[in-house]
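Asker: Listed here are the chains, written in short residue letters.
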Amino acid sequence: MKGYLGIDVGSVSTNLVFLNEGGIIKEAIYLRTQGQPIITVQKGLKELAGRLPSGTQVRGVGTTGSGRHLAGIIVGADAVKNEITAHAVASLVLVPGVQTILEIGGQDSKIIILRNGIVTDFAMNTVCAAGTGSFLDQQASRLNIPIERFGEIALEAESPVRIAGRCAVFAESDMIHKQQMGCSLPDILAGLCEALVRNYLNNVGKGKELLSPVVFQGGVAANVGMIKAFEKELGLPVQVPAYFDVMGAVGVALLAREAVVKNGMSYFKGLSVAESKFKTGSFECSGCPNMCEVVEVAEDDMVLARWGDRCGKWCNQVNKEEKVS
Amino acid sequence: MRLTFPHMGNMYIPLKAMLQYLGADVVLPPPTTKKTLTLGVKHASEFACMPLKLNLGNFIEAHERGADTVVMAGGCGPCRFGYYAQIEHAILREIGCDMELIVLEPPEKHISEFIAKVRKIAGTRSWWQVIQAIRFGYQKARAVDLVEIASFKARPRELVPGATDRAYDRALALIDGAASPDELKYIVEEALQIMAGVAQEHSRPVLRIALIGEIYTLLDPFSNHSLERRLGLLGVEVDRSIYLSEWVNDHLFMGLIKGMRSKKEACAAAAPYLRHFVGGHGQETVGSAVNYARAGYDGLIQVFPFTCMPEIVAKSILPGVSDDLDIPVLMLIMDEQSGEAGLMTRLEAFVDLLARRKETGEVVNR
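In order, the protein sequence lines correspond to chains A and B. So for the first sequence, our numbering puts the first residue at 1; every next one is plus one. So for the second sequence, our numbering puts the first residue at 1; every next one is plus one.
These are computed hints drawn from the structure, not numbers from a lab. Treat the hints with caution; some may be incorrect.
[Stated by the list, open to error] Just a few of them, taken from the derived set where beta-carbon distance is under 10 Å, the chain B residues facing chain A:
hint	residue
1	Pro30
2	Thr36
3	Gly162
4	Asp165
[What the hints assert, rightly or not] Stretch-level coverage of chain A by chain B, calculated; a stretch enters the list once three of its residues show a Cβ under 8 Å from a Cβ in chain B:
hint	segment
5	78–84
6	116–123
7	285–295
8	304–317
For glycine and all other residues, C-beta sits at the position ideal for the given N, C-alpha and C.
So that you can see chain B by itself, here it is in the shape it has in the complex (with noise of 0.2 Å):
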């Protein structure tokens, strides 16, 4: 059994170190580029979301390189990418990529629901390493939050141009790198260090704008047009709503690692908006934008891909966020037509805008 699964972002990185761990044999799919779309639009339905033209172009891509079943994450809301493991199974047999299907899906009641999942690729492996493997994966998911998490700070900061990106590719190759459990522990540090290492200068003025969203276009630097990059360079610290170790934490532990921003906190927020499941992200989109106009943010972009539902649901809720809490916003819609000089034209005049607003605001504030 060669297993491979989609990329998001940096999520092989975590999601490799587990399978391997479970001893698995992991054929990872080549890095999400052009090529890789063409493939997935030519395969797919036009109107399917580009995540699902992704996560194809990533399967047919890793079939070529020999891979034989797919492990794919599910979902049971009305967001339709809880078909999507499903569909992609079917196309993947039209166009003779026969292959395996493992859904894991975010246990409904309890992580042992999750836990089966994993034993199917584990096999005889023992309960206790299965979980040593999940928590080897999270650990190294955190490791890479905590990395890219400095790239926003030092990016709009740094002296010498590239810089970040530079330490940032570093940084990610050691985390990938890491073997066990206890080597990751001195990476993790070894790695900071070299995000430290990025000469900033730290007065600076810098403006924040929080990204948020879908959590695929959030997540993949190629379907976002590496809009946190973008960003950076134009003198802009990012967060986003979503982290990988965070969505590992609220949707497969059910919250047991306290002290980290959850899910709960961004759906309590949105309640004067939104007190209902709307699938995918869309609550907790409308509930951060609340938070992060409340925690001082000078502006909000809200990405996701065409046609996705829950996202224009809390699409059309945002401009009331935006009048009542004084925080401007804007809506990025990713596809696989985006060009990017519109998408470079309205990012820099979002950033004049912010600017100016910030100027003015000092001055009256004074």
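So that you can see chain A by itself, here it is in the shape it has in the complex (with noise of 0.2 Å):
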């Protein structure tokens, strides 16, 4: 078998999916970041390798989310798209005529604007949180329901509670008014699912004209309830794509398909990755006030990348030569 990998290091988790040539998803992996992005990156290479037959052959590597430029490093990418990119290109082939993407993550939340298949607008939260999986998360622990019941509990409502959304902190406080006054568990979790989609669309989703077909993606999309959630408030229906948590890992195994083309090569350093020593560093410049931190990755005592530094002082040291064509 021959096919493109994907790569998707997001804040919570990190996604590996293997395309085969004809785009089709092989092999999906679903890790937790857990603050290592080198680490889990290679574990998850190593179960990859395992999982994949023998003599399959990855003809190029894409990386994407926060940690694309690392991640790209360590790969030897083909393509370090943003996530933006890569959720539309993904929402486009799984879902053909996608006009709206609906995009729910570990730490943010971003819509996607597309018309006759090209991205028209978008947006990202920017000075707010809420709504995202992390705020889910922690309101589940609390009350000691598990994530993944979150949203099937949250079905059983009979009138949901209305929650003030505008803040997670305020939130919180409101959700814990209306469970001493009595409320429902199932009512009060609905009313935050509401809330939260209220929120977003107030925050990312405010002025733009959303249409049909509408995709839901991200980790959030697992749970049940912000979908119903947000059916009921935008009124349209809402599709969530099979492989909904991985969505970034595959439009970026698209991209590389699409890289690799063009170059007539890849740059894939081999599955065998997973066993190099990598090791990060970082220093403070003393150039000027400043005082950039200056992160540093090499791989076998030889500096690979460098970045962080506002001047360039740095990072155009390493990447010298690449451009000259």
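Please assemble the complex out of the two chains, which come individually in their own frames, going by the hints.
Answerer: Written as structure tokens, this is what we have:
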């Protein structure tokens, strides 16, 4: 088998997918990043190598997510793309004709508007993380219910209570208030879902024309309570693709395929990078009072990349020759 | 009297030249850095916009270097910037950095108002010398702008990464060093040659994005996270709705120099959407958006500091311009909380959006 690898290193989870040459998903791995992106990526690659039949050829690899640059350096990526582009590409392939993408991940939420198969507008949460996966996670553990059952319980609601959803902190105090008044758990959870949906639509969806088909993806799309709340608020059916939690990885694998075709070759270092020793370190540059924290990634004592400097003094040093054609 | 003034991108080059031509003792604040911002944030009110915080930081750092008089711009529009000089002066006094204040305000009716203020700095020098000093300052501003425009064109096409940055720094240093108007004439040529010497791949396809919005965050790379440089490295040729020399011509010379892009054109273009001055550059932002869309730019980025009233007015109008003229607009709001990762994700996604649009657009047109 030949195919393409997509890696999405997010704040909460790291996802790997393997697509065959036709773009069909063959393997999908969902891991918790747990603050160690390099080790998690290596772990994922090792697991993937075990699952794929022997003789599988990886023809190209792409990385996305907030850890895309780091992961890209580690594996030798052909495409390093931001999450917005990656998610849009994946949705377009899996849900042809999609016009609205709602994406809620661990710490960010975004909305992507597409028309005629191209992205025409997008927005990301700026100052507020209320309504993202981390907050739901935290509330589930406070109420001592497994996050997987959050949605099911919310669906049992008879009359969802109204919860102040503008701010995560106030949402929590309002939930406690409603719970002390004697409201039932399903009603509170359903109310929370509705509050978060309202917050999301006011924050990132403001002023945008949301047309069907609507796709909901990202980790939070596992929560049926949220799906129902979106459908109720929008008055439109909301689709959740089968691989909703690894869409970024799917998208960037597709982009890697494009890049490899264009370049005629791949930079992928092979699945064996799972065994390589990577070292990261940072130092404070003392060149000026900006005191930028410069991060350095090295493989076997060879510096692969540096970033974090405002002026380009360090990052320009490493990739000086790269762009020469 | 040891004069200092706030930073705003490359403004220090012409302003220092003008003041020194008049024989003033200039104390340049150190380049704006995180330390400057930290000082400003510490002493300014939290909801003041970022320019005030950075100005304040510049003044405190200049005071440490021995400056005793602040030269600051003023204004009389609805934008609260008009009052910043006085506010900053009061804050400085409170924290024990007692400094004199000279406010240079754009003349409301005639250039003579401005010249009278300059007189205060110039002391006993003749009017002729004052006018020559202003001219010298203006010529440096123009030189700096030409070099900057050349860097915008070179960066997305450079063959050796970082070559444009290095050439740009060298060219600016040369202009900064020019001691007289006669010398400057030769140096401008040399600086532009340095910029032309950046090896470029001219056939490389690039996107064109225009930056519009508030003057400080447009002109000051520290406050906008070196937006132009980042876009250049993503393969985008940028242009800006405001250049220092154009601003000087519009606001200080009252459009004396002909043949330059002026605010009149921008305001005329804004007419279908906004027919009234709303403070700051709100009206120009709308008008520039229209002009850039007509000029065939691929996209627009509006940049402004958090809480900037004139730009908020423009922001609410821009979606209409975007729809009517079919040009995508991205809004970037800058303050001390702005994170770099979020900015990069937005810029990359916006550039991807424009690239895909352009590709499919070209297919349809064929």
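Asker: Against this structure, judge whether each hint is valid.
Answerer: Checked hints:
no.: 1; hint: Pro30; verdict: holds (7 Å)
no.: 2; hint: Thr36; verdict: holds (8 Å)
no.: 3; hint: Gly162; verdict: holds (4 Å)
no.: 4; hint: Asp165; verdict: holds (6 Å)
no.: 5; hint: 78–84; verdict: holds (count 4)
no.: 6; hint: 116–123; verdict: holds (count 7)
no.: 7; hint: 285–295; verdict: holds (count 4)
no.: 8; hint: 304–317; verdict: holds (count 3)
Checked against the numbered hints above, the structure breaks none of them.
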